[in-house]
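J.: So that you can map any letter, position 398 of the sequence shown is 398 in the working numbering, and since no number is skipped, the others follow by simple counting.
Just so you know, the hints here were simulated from the structure itself, not pulled from any lab data. These figures come from a predicted structure and were not determined experimentally. Among the clues, some could well be false.
Only pairs whose alpha carbons sit at most 20 Å apart, straight line, appear in this in silico EDC-like list of lysine to aspartate or glutamate [stated by the list, open to error]: (1) K293 / D231; (2) K117 / E133; (3) K150 / D85; (4) K132 / D75; (5) K150 / E271; (6) K164 / D282; (7) K164 / D290; (8) K272 / D290.
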Amino acid sequence: MLFILRGRLVAVSGADVFPQDNDQTRATLPDTAADTSAERPWPVRHLSPKIGEYIARMSPVWVEGQVLGVKRWRDLVFLTLRDTDENMSLGATLPAAAVEALGVPLEDGARIVIHAKPQWWTKSGALQMRGKEVRTVGLGDLLARIEMLKSALAEEGLFAAERKVPLPFLPRVVGLVCATQGDAEHDVVENAQRRWPAVQFEIRRVTVQGPRAVPEVVAAMRELDARDDVDVIVVARGGGALEDLLAFSDEAMVRAAAAVVTPLVSAIGHEKDSPLLDLVADWRASTPTDAGKRVVPDAAHERREVIRARATMRAAVTTRLDREARGLSSFRTRPVMAHPRRMLDPHRERLAALHLASGRALVDILSTADARTRELAASLRALSPQSTLDRGYAVVRDADGAVVRDAALLDPGDQLLVRVARGTFVASVDDVDLDDQALEPFSAG
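Kindly produce the complete structure, drawing on both the sequences and the hints.
T.: Here it is in structure tokens:
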């Protein structure tokens with residue numbers, strides 16, 4: 001055989017490789033597992049005892065599980081301890097005397113708690129729980145554990161009423177999680193279709209008890225919850241012993257149900273059964289049959305309700321029309337409606353009186369205004385310059401349009417505009433006499 005030892009390639013026989021883990025051999029091996037490599041590995045005979053030494057340091061532990069494959073050999077009982085929720089198991093041995101002290105036969109399917117210490121079998125590389133004490137898990141123990149879990153989940157608010165959502169009145173598709181074989185599927189589907197024949201189902205058949213129940217039911221709920229066409233999910237299972245229904249009180253399933261957005265119906269067992277799934281679901285059905293009746297309306301009942309509602313509406317409309325017709329007839333028979341023009345007579349008389357009064361008032365206003373106008377016209381004529389012009393006076397303006405009031409401002413040759421009582425004319429200044437001597441010829445003549 002060829003090995004790389006301390007950087008050199010050497011050839012050795014198989015018997016000389018690791019004859020024993022003596023001091024000289026151990027000196028060539030890595031000290032810890034982290035120091036091993038492909039070139040410097042640990043042989044199995046070196047690793048297995050180390051695993052045994054590590055496991056030997058573990059303390060004894062109380063462990064619970066379900067019994068499978070019970071066999072007795074001399075003073076020992078061999079069995080497999082399987083987890084009730086996951087597909088995991090451990091081999092275990094128990095003293096025959098401890099098993100006999102239980103007082104009941106130890107059979108497959110029983111749930112027990114053992115006080116054991118892990119033991120590593122170096123030669124076979126097998127781990128086994130070496131038990132000293134054993135106790136059966138009774139119904140009271142299971143109920144106590146369920147109650148403890150119930151209290152813890154309730155404190156988190158998983159069972160609160162405000163978390164629950166109402167079921168749809170008429171779901172398009174009903175998602176059904178049920179056993180691969182059993183009456184629950186038939187009870188739900190048959191009763192739902194009897195009430196509403198058009199209802200559709202999306203069915204997921206799963207294991208409803210044992211270690212595979214929890215993961216399969218949870219996976220089915222999540223798959224149906226992810227579908228947009230599923231409006232409500234029903235988890236149904238027939239009745240059974242408390243041990244058979246334990247999966248529906250499992251914490252993982254309860255939390256998964258709480259996370260489902262689609263309205264969820266729990267229909268587990270019978271009326272007396274009450275797994276924790278009932279508390280977290282949006283609605284609890286007493287039986288799968290009850291769930292089938294609850295998720296869809298009764299077509300016959302709804303048809304009767306529609307007929308009754310239509311009759312009620314028709315009666316209400318007829319009553320309203322009759323009442324309005326009677327009111328209209330009573331209104332039409334009133335005198336004011338028989339001779340509607342009589343309503344206008346008082347208004348016509350009032351209008352005539354107002355018309356006469358307004359005419360008189362207008363005449364008075366116009367007469368007063370006319371007299372006042374005449375009075376103002378007389379005053380205006382008395383004060384008007386025209387009266388002065390009518391008496392022979394004239395208004396003289398120079399070329400700039402200014403009224404001439406002083407003869408000293410005029411020069412011979414200036415053009416003047418003279419306004420008299422009737423018309424105007426242009427005059428030219430021949431001479432200016434400030435002593436009025438030039439006016440003598442005119443006054444003499």
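J.: Given the proposed pairing of K132 with D75, does the C-alpha separation stay at or below 20 Å?
T.: Roughly 12 Å between the alpha carbons, so the hint for K132 and D75 holds.
J.: Is it true that the CA of K150 sits at most 20 Å from the CA of E271?
T.: With a Cα-Cα distance of about 19 Å, the restraint between K150 and E271 holds, given a limit of 20 Å.
J.: Given the hint that K164 pairs with D282, does the C-alpha gap stay at or below 20 Å?
T.: Holds. K164 to D282 sits at ~5 Å (cutoff 20 Å).
J.: Quick one, are K293 and D231 close enough, alpha carbons at most 20 Å?
T.: 16 Å, holds
J.: With the threshold set at 20 Å, check whether the alpha-carbon distance from K164 to D290 stays at or below it.
T.: 19 Å, holds
J.: Tell me if the straight-line CA distance from K272 to D290 falls inside 20 Å.
T.: Distance ~14 Å between K272 and D290 Cα, so the pair holds.
J.: Does the alpha-carbon distance linking K117 and E133 stay inside the 20 Å limit?
T.: Holds, at roughly 11 Å.
J.: Quick one, are K150 and D85 close enough, alpha carbons at most 20 Å?
T.: OK: K150 and D85 at ~18 Å, within 20 Å.
No hint from the list above goes unmet by this structure.
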